Every structure is written in structure tokens, then in C-alpha cells.
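**Student:** Numbering-wise (our numbering), the sequence shown opens with residue 155 and increments by one.
One or more hints might be untrue.
Each pair of labels, with its calculated beta carbon distance range [stated by the list, open to error]:
1) Gly164 to Pro203: 36 to 46 angstroms
2) Lys170 to Leu195: 32 to 42 angstroms
3) Asp191 to Glu161: 12 to 22 angstroms
4) Glu161 to Glu194: 33 to 43 angstroms
5) Ala165 to Ala199: 31 to 41 angstroms
6) Val168 to Glu194: 33 to 43 angstroms
7) Ala192 to Val163: 16 to 26 angstroms
8) Asp172 to Glu194: 25 to 35 angstroms
9) Ala202 to Gln174: 34 to 44 angstroms
These are computed hints drawn from the structure, not numbers from a lab. If you're wondering where the values come from, they're calculated on a predicted model, not measured in any experiment. We put the beta carbon where it would ideally sit given N, CA and C, even for glycine.
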Amino acid sequence: MKNYSIEKVGADYVVKVDDQSVMKMGSRRRAAQLVIDAQELLEEAPLAPPESPPDEGEAGTASCTHDDTCRGSAESTV
Numbered sequence: 155m156k157n158y159s160i161e162k163v164g165a166d167y168v169v170k171v172d173d174q175s176v177m178k179m180g181s182r183r184r185a186a187q188l189v190i191d192a193q194e195l196l197e198e199a200p201l202a203p204p205e206s207p208p209d210e211g212e213a214g215t216a217s218c219t220h221d222d223t224c225r226g227s228a229e230s231t232v
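Given the sequences, and given the hints that come with them, work out the whole structure.
**Tutor:** Below you can see the structure in the form of C-alpha cells.
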């Protein structure tokens with residue numbers, strides 16, 4: 155968490171990371187302590203990379219094209 159800030163909003167303190175509000179606390183000291191705790195946790199166990207989408211050859215993939223025509227359908231037998 156390199157880009158964080160703690161801003162006073164009304165009676166509360168808002169922790170922002172990269173200009174996105176992530177937490178609201180009643181105490182600036184408590185907000186700062188939670189930021190430190192979060193930094194330590196991220197150093198111990200970094201976030202996992204996002205899962206990649208399944209390959210087209212894997213089971214469970216759709217057999218329809220983008221224009222909703224499906225292989226093996228019996229739509230023309232009416």
C-alpha cells in the first residue's frame with residue numbers, strides 16, 4: 155500500500171488507497187494502525203494473481219458462436 159492517505163471527513167477519518175475510499179474510522183490513530191497492519195499482512199502473504207479463463211478445449215465450454223448459432227441444434231426442423 156504505497157499510495158494511501160488518511161483524510162478527515164466530518165467527524166470520521168477515511169483511508170484512501172489510490173484515491174479510492176476503503177475504510178472509515180472514528181480515530182486517526184486507529185486508522186493509521188490498521189494501515190500498518192494491512193501492510194504487514196500484504197508483505198507476509200501477497201495477493202494471488204487473478205485466475206486465467208479456461209482454455210477452449212476444456213470441459214464446460216459453450217458450443218455456440220457470438221451470433222447465437224449452436225452446433226448440432228435442431229432449430230430448422232419445424
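**Student:** Run the structure past the numbered hints and jot down the numbers of the failing ones, going up.
**Tutor:** 2, 4, 6, 8 and 9
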